Amino acid sequence: METEYDQVLSSVALVKIADQIEDSGDGDGVKVSCFTEVFDDVTLQFQIIRLAKQIYVWIGCNSAKFGSLYAAASTRPSNTVSVTSVLGGTSDNTGSGIARRLVMKTGLNIILACNIPKNNPLLEAKAEKVLIGKLNDLGYTMSTPLRST
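Mind the numbering: the sequence shown is residues 16 to 164 in the numbering used here, read in order.
Among the hints, a few may not be true.
Derived lysine-lysine pairs resembling DSSO-like cross-links, with alpha carbons at most 30 Å apart [what the hints assert, rightly or not]:
id, residue 1, residue 2
1, Lys-46, Lys-149
2, Lys-149, Lys-120
3, Lys-46, Lys-144
Rather than coming from a laboratory, the hints here were simulated on the basis of the structure. Please read all numbers here as calculations on a predicted model, not as lab measurements.
Using the sequences and the hints given, assemble the complete structure.
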C-alpha cells in the first residue's frame, strides 16, 4: 500500500525524468521543466511546458494555486506584443508585464499563469529574472529579442 509520501516522491521522480528528456529532433516534442527558487523566505515554484510554437509558464508563490492567466503574442505587421487576461487579473496586472517581455525574449506565444501577490514588484522582478535565466539555459530565447514599438 503506497502512502501519500511515496506518491509524492514518485511524481517528483517523474518530473525529474521529464525535465531530462531531450527533443526527438523534429521540434514538435513537448518538454516539461519544473523548479523551485527561494527568495527572502518566499518559495517560488515554476513550471515551463514547451510546445511546438508556444510556451506555457506557471509561477506559484508559497502555494500551488493557479492564479491569473494571461495570453500574450506578437502581433503583425509591427511585431508589437498584445497581452490579454484570460482568467482573473482584472484589477491586478501582476504577470501581464512578464508575459509581454517573455514574448519579446522568445518570439513565441506565451500562456502565463501567475499567483504572485499584487503590490510586490520586487518579488515579481525576481521571479521574472529567474524564469528568463531558466529559459536561456533551456535554449528557448532568441539571440535578438523582438523590439516593442
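Any of the earlier hints contradicted here, and which numbers?
none
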